[in-house]
Structure formats: structure tokens, C-alpha cells
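Trainee: Single-letter residue listing:
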Amino acid sequence: MTSVRGKVAIVGAAETTRLGVIPDMSAVELHAESARNAIADAGLTNADIDGVACAGQSPVAMAHYLGITPKYLDGTTVGGCSFMLHVRHAAAAIVTGMCEAVLVTHGESGRSRVGVGGWGGAGGATLQAQFESPYGPTGAPSMFPIGVLRYMKKYGLTHEQLAKVAVVQREWAKDNPRAMYRDPITVDDVLNSKLIAYPMHLLECCLVTDGGGALVVVSSDRAKDFPQKPVYVLGTGESSETPMISQMEDFTQSKAFRVSSEKAFDEAQISRDDVDHLMIYDAFAHLPIYGLEALGFVGPGEGGPFIEEGNTKPGGKLPMNTNGGGLSYTHTGMYGMFALQESVRQVRGTAPAQVAGVKISVAQGVGGMFAAAGTVILTNEEV
Amino acid sequence: MSDVPRKFAPKPSPETQPFWDGCADGELRLQRCIPCNELYFPPHPACPRCLSDDVKWETLSGRGKLHTYLINHRAAPGFEPPYAIAVVELDEGPRMMSNIVGVEQTPEALVLDMDLEVTFEKRGEVMLPLFQPAGAQS
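Note that the protein sequences, when read in sequence, are chains A and B. So in the numbering used here, spot 194 of the first sequence is number 194, and the numbers just go up one at a time. So in the numbering used here, spot 61 of the second sequence is number 61, and the numbers just go up one at a time.
Isolated chain A, as found in the complex (with noise of 0.2 Å):
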């Protein structure tokens, strides 16, 4: 059977030069900047780019921007995790012949708001909007999270172990100098911090932010021509469940979670045990949980106590989240990117946060609220 198993590998990468709160950008010019970064950081010129990928933006619309004549688009759009399967999607294009460097980029003015258009419009007579839309959401906060006291109802999870989530990552970011947040934080503070939506408090909650992240894939023929370590691409998985939450099959776990994580790790043939380093993207405080089960490293009902024992922190078994995450680092609104960012970061060993010896990373990406994921699986070890 064909299979992409390490046969392109990630040449470029770079996030937006500044991150975080940047009002005198607009959304297109992040997604351009970390381009043009990502770009220069493959030691390539737009010339040498073939094939563009992103979400929020038309890929139409960055090819033209950034002056490329593409051969390949990809424009899949299915929320934060969308990168993950850019990547994915441009490893196939990419052994198959269709074009042969592959930029994926993201852009969001996710705090300032610069030349962003509106939240796609409720619409009153689609499906969410007649069966979610009047029960009063607010956004991310008050729907993603609706699980959360079903699964600690089902495992006994305790609001301490979900509280715990953001102080292990508040731990990472302490070393990143680019974290929106860095100073130390306690359960307490997490639990005395303002109830967004119960059980959520505020500090289990993501950042909201500008920035831009974008990377450049080629075939691993050639990845060692390239000026920075290759970062092959292992293992990749993508599914969906349902874009009304409210339809989950079983709000304790995470079935696209489940079903794109086994996918990337039947293509990279390595077990849960080979994996040195993972980023779970984490929205909400809860999110790390449900990935750490849904992709075996743990049991049903064992993410909240294996983080709180410390075994994700900094020198615990299995780093994760090792930039500080969405709920320290940065959360533009897709943060996908960011997470795959630091996988890279941490394969090629530049990460600020560096941990020891990183061959494997695994990047699990969410979309919508637990509507669709993305997995990638990167290694430094040519295949």
C-alpha cells in the first residue's frame, strides 16, 4: 500500500515576528508576514512555491498576495486542527507529483480585530442555528466545555485536576519568552479566577490573540538541501464528528480525536511509548485530558490524574504542551499552527522551552468544538 510515511518533510517554519496583541496588522498581512518568514526561513523565494494551503484567508487570495503562481490549492477550512490536514493534504499532493513546495499558512487578528470580516452569520435557519443558537451561547466558552460535567461525573474527575491543566502549562510558559502569560499561577488562582461558564473559570479558558504562524513542505528527496534540519513528516489523520456539539455521540471522549490520531499512528508505525514530546490543543482546559485518552496514552477517566502527577509537566515523562499552549502561549482562534510550530520547534531542538532529546512529536489539532481533528506525527530521523 501507498503511504506519505516520511516521504516529505516540513523545511520551513516560522510564526508572525511579534505575537500576541498587534493592532497595526491585519489579519491577510499575518498570515503573509509568517509567510514571508517561514519562506526565508527555508532559504526559498516565492518563485520556488507551487502549492498554497490556508484557512481564513482564501488560498487564492494569499497565492496572489504573496506572488505566487500555485499549481495546487487547498483551501480546507474545518477550524483550528485545518493545518494539520494542509499538511497532511500536501504531503499527498507533493509524493503524487502534483506540485512540489507547499506553503501552509495562518493569520488571525483574533484580539484586534484588523480587517477581519464577521463570524460567518448565524443565519437563523441552519441547523445550529435553530437547535443551538436560542439556548443563549456566547461563543466558544459557553459550548465547547458542555461535556465536561458528564465526564466528571462518569470518571470523578475533580475541578483541582482540571484546574491543575493550566498551572502545568502556566509551567511551560515561564520559559517562553514569546508566552502572552509567564508567571507562575496555582490551582487556587485557577478556581478563584472568574466562572466564564461553570465548571470553567477564566485561567481554563484560551488566550485570545493576534498572530500568524506558516511552514513549508517538500519532498524528503530533497529536505536536506535546505538550510534547517528536516522535520519529516511521520504519521497523519484527520476526521470529523458533527458541527453541533450537542450531537456528540459520547461527551466524554473525543471520536475525531480518536479516529485521526489512530490514522497517523498506524502511517508512522511507532507506538505510544516512541513519543518524546505532544501538543494537544488546548482550548479549554479539558481539551488535553480528552486528547491524552483519546490518543492512548492513558485510559478513560486517567488524563486528569496522570497531569496532575505531574507526568506532562517540565521533566515529567511525556512533555506536553511545551510552549505553554492555547491557554498560556497564544490562541489566535486557530491555533493549530502554533502547535505544530512547536512540534517543529522541538524536533529540530530550537524550541525555548527545549526538552531533551526529541526525535517524535505528535501535533493533535482540534476544529470547531470538537467537530473535526487533525494529527501530525514529525520526526528529525529520516525514514
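Bear in mind the hints are in silico, worked out from the structure with no lab data behind them. Using N, Cα and C, we set each Cβ at its ideal position, and we do this for glycine too. Do not take every clue at face value.
To be verified - So the derived label-pair ranges between C-beta atoms look like this: (1) A:GLU160 - B:ALA46: 28 to 36 Å; (2) A:GLU309 - B:LEU112: 23 to 31 Å; (3) B:HIS44 - A:ARG113: 29 to 37 Å; (4) A:GLU249 - B:GLY26: 29 to 37 Å; (5) B:TRP57 - A:LEU202: 42 to 50 Å; (6) A:VAL21 - B:PRO82: 27 to 35 Å; (7) A:LYS317 - B:PRO48: 37 to 45 Å.
What the hints assert, rightly or not - Straight line, CA to CA, 35 Å or less: simulated DSBU-like cross-link-like pairs of lysine-lysine: (8) A:LYS153 - B:LYS7; (9) A:LYS255 - A:LYS7; (10) A:LYS255 - B:LYS56; (11) B:LYS56 - A:LYS194; (12) B:LYS7 - A:LYS154.
Said to hold, decoys possible - The following residues of chain A were derived to be distant from chain B, with all beta-carbon distances above 10 Å: (13) THR126; (14) GLU132; (15) LYS224; (16) ASP225; (17) ASP276.
We have chain A already, so just place chain B on it with the hints.
Mentor: Positioned in the frame of chain A, the structure of chain B alone reads:
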């Protein structure tokens, strides 16, 4: 059942109109697939399990249980926080989002798996299904 015009009002689509007609009659109605017996939500013309369009509308009991929820502390238009946004598991199986009325909006009062029954609130042109503790007067 007072009119609350400021809250978001759903607009029926051609495929969901019979559901909203049911609500206007004070009933919860969903479609059941005749070949595979699946009862499903949200409404659409073909069964999501087997894709048969041989389906028929059925009136449900209006009873269910509080499956999961959160308590929103930020106000959507027309809402006074804090208020629960819940998922109700209908006795017949499907789950739907709703609000729980006639009960304190606190973790102590809102107990998972408590018995609920449907009630309706006028929203724009439609009657919106809400739930209240079973046995409460609407």
C-alpha cells in the same frame, strides 16, 4: 410562555418545518426511519443511519433526563446570566440542546440525570422547546 423578542429566534427550514409545527401544537415530534427504526435528531428528510427516506413523524413523550450542561456567566441577548445551557437526553434516545427552566441555575439544583419534561416558549414565529423538572407546573 411570555414572548421574549430579544432572544435569538430560530427560523424553520423546509426540512424542519414539521418539527416546529409540532412545537406549535405543544408536542415534540421527530422522524423515525421505517426500515431501520432509528429515531433521530435534528430533523432531516433521510435517516442518518441508513440514508433511507422512508421515514415518518412521531410524537414523543416530551420526557427526558439532564445529560450534561454548563452554566453560562456571560449574557446572550435577552438572557440574564448565569443560566444553564444543557443537553437533554430524551426518553426515546436522541439528545438535544436546551435550557432548563423552573429551577435554580446552580450546580446544586441542576443534578445530572434528573427527570425533565418539555415546555415551550414563544420565540419569534416559533415555539421553542425548553425543559423543566418533571412534575413542575408550566
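Trainee: Would you mind marking each hint as holding or not holding in the structure?
Mentor: Consistency of the hints with the structure:
1. A:GLU160 - B:ALA46: 28 to 36 Å: Given range 28 to 36 Å: violated, Cβ gap about 46 Å.
2. A:GLU309 - B:LEU112: 23 to 31 Å: At 27 Å between Cβs, range holds.
3. B:HIS44 - A:ARG113: 29 to 37 Å: 35 Å Cβ-Cβ, so the 29 to 37 Å window holds.
4. A:GLU249 - B:GLY26: 29 to 37 Å: Given a distance of about 30 Å, which is inside 29 to 37 Å, the answer is holds.
5. B:TRP57 - A:LEU202: 42 to 50 Å: Given range 42 to 50 Å: holds, Cβ gap about 44 Å.
6. A:VAL21 - B:PRO82: 27 to 35 Å: At roughly 29 Å between Cβ atoms, B:PRO82 and A:VAL21 fall inside 27 to 35 Å, so the hint holds.
7. A:LYS317 - B:PRO48: 37 to 45 Å: 42 Å, holds
8. A:LYS153 - B:LYS7: Answer holds: A:LYS153 to B:LYS7 is near 31 Å, not above 35 Å.
9. A:LYS255 - A:LYS7: With a Cα-Cα distance of about 28 Å, the restraint between A:LYS255 and A:LYS7 holds, given a limit of 35 Å.
10. A:LYS255 - B:LYS56: 29 Å, holds
11. B:LYS56 - A:LYS194: Since the Cα atoms of B:LYS56 and A:LYS194 sit roughly 47 Å apart, the hinted pair is violated (cutoff 35 Å).
12. B:LYS7 - A:LYS154: Holds. B:LYS7 to A:LYS154 sits at ~33 Å (cutoff 35 Å).
13. THR126: 8 Å, violated
14. GLU132: The assertion about A:GLU132 is violated, with a minimum of 5 Å to chain B.
15. LYS224: 49 Å, holds
16. ASP225: 49 Å, holds
17. ASP276: 35 Å, holds
Checked against the numbered hints above, the structure breaks hints 1, 11, 13, 14 and satisfies the rest.
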